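Below, each chain spelled out in residue letters.
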Amino acid sequence: DTADKRIALSNNYAGNSWRQAMLQSWDKVTSAAVQDGAVAAADAFTTAENQVTEQAAQIQNLILQGYDAIVINAASPEGLNGAVQEACDAGLTVVSFDGIVTADCAWRIAVDFKKMGKDEVTYLAEKLPDGGNLLEIRGLAGVFVDDEISAGIHEGVSENPQFKIVGSVHGDWAQDVAQKAVAGILPSLPEVVGVVTQGGDGYGAAQAFKAAGRDMPIIVMGNRQDELAWWKEQKDANGYETMSVSIAPGVSTLAFWVAQQILDGADVPKDLTVPFLRIDQDNLEENLETTQKGGVANVEYALDDAKKVIAEAKGD
Amino acid sequence: MTGPAFARLLRGALPALSLALLLGAIFYLQPRTMSYFGLNLLLNLAVPIALATVAQMLILTVNDLDLSIGSYVSLTACIAATWLRDTPLLGLLALGGGVLAYGALGALIHLRNLPSIVVTLGMSFVWLGLAILVLPTPGGKAPDIVRALMTWKPPYVPFPIIACVVIAALAHVALMRSPYGAVLRGAGGNPRAVARAGWSLLRVKVTMYMAAGFVGALAGIALVGLTTSADANIALRYTLLSIAGAILGGSEFVGGRVSPIGAVIGAITLTLAASFLSFLRLNPDFQIGAQGAILILVLALRALIGRAEKDR
Amino acid sequence: MQEVDSGPAPALAPAAVSLAGVEKRFGAVTALAGVSLAVPKGACVGLVGHNGAGKSTLMNVLAGTLAPDTGSVAITGRDVTAGYAIATARENGVRCIFQEGSLCPNLTVAENARIEHPSLTGFSWRTDAGRLIRQKLDEIFPGHGIRPGAMVADLSIARRQMVEIARAFTVTASPVDVVILDEPTSSLDQTIAEQLLAHIRRFVEAGGSAIFISHLLGEVLEISDRVVVMRDGKVVAERPARDFDRDGLVAAMGSVAAAASAAPAASRRTAAPRVDIDAGRGSTVRLTAHTGEIVGLAGLAGHGQTDALLTVFDGGGAGDRVEGAVAFIAGDRQTDGAFPLWSIAENLGISSLGALRRGRLISTAAEDALAARWRERIGIRTPDVWNPLLSLSGGNQQKVLFARALASDADIILMDDPMRGVDVGTKQEVYKILREEADKGRTFLWYTTEMDELLICDHVYVFRDRMIVADLARADLTEEAVIQASFRHDA
Amino acid sequence: MSAIAKLARQPWIFAFVAAVAVWLATAAFTHGQGAGGVLSVAFTFATFFVIVAIGQMFVVTLGPGNVDLSIPATMTLAGTVSMKIMDGANWMILPGYLIAVAVGLVVGLFNVALIRLLRIPPIIATLSSSFVIQSAAIWYNRGLRVKPPTLLADFTTAKIFGLPVLAIIVILIAAVMHVVLTRTVYGRTVIAIGQNARAARLAGLDVGRVRLATYVMCAVFAASCGYVLAGFSGGAALNMGQEYLLSSIAVVVIGGTSVAGGFANVPGLWGAALFLFLLVTMLNTFGLGAGVRLVLTGLIIITVIVIAGGSRANAR
Ligand SMILES: Nc1ncnc2c1ncn2[C@@H]1O[C@H](COP(=O)(O)OP(=O)(O)OP(=O)(O)O)[C@@H](O)[C@H]1O
Ligand SMILES: Nc1ncnc2c1ncn2[C@@H]1O[C@H](COP(=O)(O)OP(=O)(O)OP(=O)(O)O)[C@@H](O)[C@H]1O
Ligand SMILES: [Mg+2]
Ligand SMILES: [Mg+2]
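Same order as they appear, the protein sequences are chains D, W, H and Z. Here the working numbering = 1-based position in the first sequence + 1216. Here the working numbering = 1-based position in the second sequence + 4. Here the working numbering = 1-based position in the third sequence + 10. Here the working numbering = 1-based position in the fourth sequence + 6.
Hints are computed from structural coordinates only; laboratory data are not their basis. As the structure is a prediction and not an experimental result, all values here were calculated from the model. The C-beta atom is built at its ideal place from N, Cα and C for all residues, glycine as well. Some clues are possibly wrong.
[Said to hold, decoys possible] Cut-off 27 angstroms, straight-line C-alpha distance, at most; resulting in silico cross-link-like pairs (DSS-like, lysine-lysine): (1) D:1330 x W:157; (2) D:1244 x Z:90; (3) W:145 x D:1486; (4) D:1509 x D:1426; (5) Z:90 x D:1448; (6) Z:90 x D:1509.
[Unchecked claim] Per label pair, the in silico range of CB-to-CB distance: (7) W:17 x Z:212: 28 to 38 angstroms; (8) Z:123 x W:25: 18 to 28 angstroms; (9) W:153 x D:1523: 36 to 46 angstroms; (10) W:24 x H:95: 28 to 38 angstroms; (11) D:1501 x Z:123: 48 to 58 angstroms; (12) D:1282 x H:344: 57 to 67 angstroms; (13) D:1426 x Z:294: 19 to 29 angstroms; (14) D:1482 x W:40: 49 to 59 angstroms; (15) W:196 x Z:37: 51 to 61 angstroms.
Just chain D, same shape as in the assembly (with noise of 0.2 angstroms):
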């Protein structure tokens, strides 16, 4: 029973919609699940800014306060992992998601970045046969998540040698950093045929390719409504295909869950997986159509998924 346990969410940034809708998600699930009673507090914590010593700090707090667990969205795969082992050496459960933590007494809810990235290429080469030349759109460099994905591009380019990578460029996750970017090398590349993205620089790219006047490559896009929006309305005028892949928010719930397993007593294995959410050519309206305006594309958990989340897990 976990009626009298409280648990915290140690967030790292919300400067962007995918965090707001992340934490949205969370607010929504999780006080409904005070409401009944399931656990006592489910409080959210957010840094000022996107730092790993803040979130350190505020990971150390939280101990503090006397949570019972904390669910983490960590700056840092390797950075938190003091901060955890306090945690852990103090009682408490630590499940990390989305940016999870490496420390061994945690619990991680991972995406496959890597595979995500490397989807993106094959999903190229079954619409390009012929393959081609690609610009590939990173993060924020040094990051964990950017080397993950873009491992996964380069390991899907090296499978698939039709295709080269003629540019790279940092939009740091930002949609104005992106655009300025991608139009700045642009004039120097050659024909481009696809554009790997990290998520949510899509429609800036898609912008700066306007502006340049060229043929419109196949954008991955990254599940943002306006990206969505972007594709139908060129699916919708001439046809154009791509698909759009990215972590969903609601995640975070998943993690509220499977702390709340944790601290029942259940028996979780340390890594849980959860599938990305992807979007392709025909769910592309249906998708649109449950996504906030503005906003991203996104799916909530509740008690029962997590339980077969854990199910899974310990099938493998």
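Given chain D's structure and the hints, the job is docking chains W, H and Z with the ligands onto it.
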């Protein structure tokens, strides 16, 4: 006591006052913090910040500003978590190289009369780039001895408090009480006068920058001792934190008016300000704004004594 | 006019220091055009000359802070020209009190003493430095009231000057044989200045040498054994002091000694005053000034006169009255007056920007014309008003600040002992301009520590301990009355 | 001959020389391909930097310690509020802009209140206020991307003879601000305060009012930039201004303005903004890894300032 001297005394006591206030508020909100364990958790991350702030303050002393300290601390943390652990000699050499590079920057800034802000802004890219080269993906592991030191549990007094006191005391003695310290500060107050007394301003700048590089490296090592592993972006925030901390502690941007003890207190205050907010359990919507509000609140105390000071 | 006669040589021994054939150019300006100067042992040499004559430049060469274009330096007969720099000068016992302050405001008095003495190290250096400077202060300026632990920034400009003087005379590892004093008294009141002169006398009698620069010719004649007169970068006269009198010196400098301007015939204190303020806590007398009046604020330096001026500048408090636009002429020009990155013209025009506008924009032509007019009127020595302000000599910078206020449309002009470092000739010019402007209806509030200047005023208030202690109308104004009031009677 | 010598002495010349050098290096690498295109793109993106840098320059000129760190947050808030209120309606473009300006006014006054009334050093006052402003932006629209009115989007991306319309407008604005800086009472006062605030007060200048006007103006420029940038990149994002924090300072200083205050120039802003954009583009084009790219960015900035620095009288 005359007016300006009294105002100065008051201002000198102000950082300590705001720290005491904040600490009181935290103890009230969360009595659990009032223990050995609590203070340890509350303050241990203040140690690297205090070091970075002291490094920034050293640069402020000679009327410069270091916009690269955050990425430099990140780099030294990456080096500490990789080379220093695996091949200590190489690690020490690399850290020594960092200190020398800082000295060279000081010399460059002095000889070419360059604005330190731009040079260090450029260096912030360089340090970050090097950090990514040293540690392309987050990882590494803190050297055992560093980890052991940072998690040391001495009897009675928590380690972070001892560390902060030692840092403040050493910096104070070196800068405020040593004979050469007076020259270093004088070079911030009136460089021409110091040069006319026969001192080399070049040597002053190089000394200060190297000292900052050294203390900055200590910050990186201390940080990695707490986090156990590193990340190229780990301490970027320290640039602004260290400036804010130094100013909070009573240092000024020009004129060589600095306070090492104040800098350490300022760093601790900033760390505690964030903790205070999480103890308040605000609505997530306002958490970021509240960080700004608390900074304003802490600094607004200055307004109380501001009246006594002239518009200089 | 070239009358460089040697006079009877004071000693056969080689001079303590000597300069020969020194030339120094700054761009188009020739600051020194072949100057030779010898300072005998055990003598004080007075150095006078108009603003911009090259005195400070010459002293900078001697102190090793400025390398001359040509010329040689010798110390006790040894030629030390090659590689002569600050360090050489100091090792050889040459110390300099520069015209612009050389203290670090962020350090204490004792720490500033330490800066001057590399040999002050070891555990107790703070005590040692404190003792060193206090002893010297006690010796030169008895009753100075300066604590070695005081922050220099908190000291008044007079006290800062005192510290700097005392510091130059302190001895540790290297000897003090030659002391250069570049306008040391410009910020001191008469009593303190007397103490300094007495000390220099003692120093010289004990075998030291001194070079004393001042625009107060009385002082120079009183203290010096020999007097050297410079004009336009050359030495134009050099004789024993007793062979000069004040008028002779003035003539040698190339200025005409004007007769002290006549006092106005009638009192102007009939209409309502333009300024009427409470000049300090507990003053029973209010400070008033009328249209067309020059009102003097007297008393020892640092007794609240500047604050009274600032009160007027800020429009006074409740119950005070300040009618008309106000302008301020700084005495402490580095902190209160100069814009160091700007040209002379920009510095001069800054208080008249409204009048310099043609349409909505400032006209460069008008700015140029204004600067050119005042360069003529007040005699600013520069080839081009668009040169940087800092290329001017100290006195000439001061003239720019004067011109700034006078060129503005202010009705009330506040003067914070602004004649510091202004040469005699110019002073007479300025007095004349003040009187003219007053006659046109301007009001002047003039804080000064010079008795001569007080005598020009229509009305004088004497300050002590931040209060007005005497209110002297023109008729009652005598030197004795001012001095009487300036000192506490129990002291 | 003397004209060249005079030109060489201008504090802003180095930024332009550096920009041209970097551009030539890029063109050489691509054998001239896309060189013209890169330049046009550079003007497009430099425009945004120049808009904020003008305001930042006036603030920096006020003297040591004066800097506005709230620019990114102000951009975000102004962009968010104006986009949401306009809600894509073309007739709202002007009212929307006025709203953005109003946001700037409020932010500027808030900053001045902190600096003047509470006597907080500007660098920390604006840092603190940036948190508050960012929080307001999050609270107001939770990161949802609202599309700009189509006319605004078209206007911000329009070009005449290959030159972006926005760039032309901002060149005109820069020219006006140059006159404001050098030929108006306001501009002179700003410069005077930067050299010696106390002397400025005693010279009868209205120090308080001018300081206020400067911080307000800076915030209004930032807000305007947020408005056009949101129009340009298809909506406001919570992280849209983040790279302007350091860039705005870098542009000002590389452009030849003294960080110590009291000495400023406007033309250099264009040179520096173009330089910084072309530098990133050049390194992207070279296709180097993130680490090497960052190191080179830093070294090149330092090299430029070293070459320029010797001939600039006033450095901090
Ligand atoms: N750094 C400089 N740059 C350009 N010109 C200079 C510089 N220093 C001095 N000068 C010029 O050299 C000449 C001599 O100046 P100096 O300061 O020696 O005069 P001074 O005799 O000390 O005058 P004052 O009595 O006003 O102090 C002046 O014309 C001055 O403008
Ligand atoms: N020679 C002195 N002896 C005793 N007290 C002094 C002396 N000089 C100044 N003081 C006192 O020290 C305090 C600070 O003096 P300060 O010079 O700052 O005053 P001030 O009014 O600004 O002077 P000024 O009018 O010269 O600018 C005052 O209270 C003053 O009375
Ligand atoms: Mg002089
Ligand atoms: Mg005097």
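Structure-based check of each hint:
As the CA atoms of residue 1330 of chain D and residue 157 of chain W are separated by approximately 41 angstroms, the hinted pair breaks the 27 angstroms bound. In summary, the hint linking residue 1244 of chain D to residue 90 of chain Z is supported, as the alpha carbons are separated by about 24 angstroms, within the 27 angstroms threshold. With a CA separation close to 21 angstroms, the supplied pair residue 145 of chain W and residue 1486 of chain D stays within the 27 angstroms bound. Taken as a hint, the residue 1509 of chain D and residue 1426 of chain D pair is honoured in the structure, with Cα atoms around 23 angstroms apart against an allowance of 27 angstroms.
Restraint check for residue 90 of chain Z and residue 1448 of chain D: satisfied, since their Cα atoms lie roughly 22 angstroms apart, inside the 27 angstroms limit. Distance restraint check for residue 90 of chain Z and residue 1509 of chain D: the Cα-Cα separation of roughly 12 angstroms lies within the 27 angstroms cut-off, and the hinted pair is therefore satisfied. Between residue 17 of chain W and residue 212 of chain Z the beta carbon distance is about 34 angstroms. The supplied range of 28 to 38 angstroms therefore holds. Our hint of 18 to 28 angstroms for residue 123 of chain Z and residue 25 of chain W holds, since their Cβ atoms are close to 20 angstroms apart.
In this structure, residue 153 of chain W and residue 1523 of chain D meet the distance hint of 36 to 46 angstroms, their C-beta atoms being roughly 44 angstroms apart. Take residue 24 of chain W and residue 95 of chain H: their Cβ atoms lie about 51 angstroms apart, and the range 28 to 38 angstroms is violated. Range check, residue 1501 of chain D to residue 123 of chain Z: about 55 angstroms between beta-carbon atoms, so the 48 to 58 angstroms window is met. Between residue 1282 of chain D and residue 344 of chain H the Cβ separation comes to about 59 angstroms, which falls inside the hinted range of 57 to 67 angstroms.
A hinted range of 19 to 29 angstroms for the beta carbons of residue 1426 of chain D and residue 294 of chain Z is consistent with their spacing of about 28 angstroms. Between residue 1482 of chain D and residue 40 of chain W the Cβ separation comes to about 34 angstroms, which falls outside the hinted range of 49 to 59 angstroms. Judged by the Cβ atoms, the range 51 to 61 angstroms given for residue 196 of chain W and residue 37 of chain Z holds: they are separated by roughly 53 angstroms.
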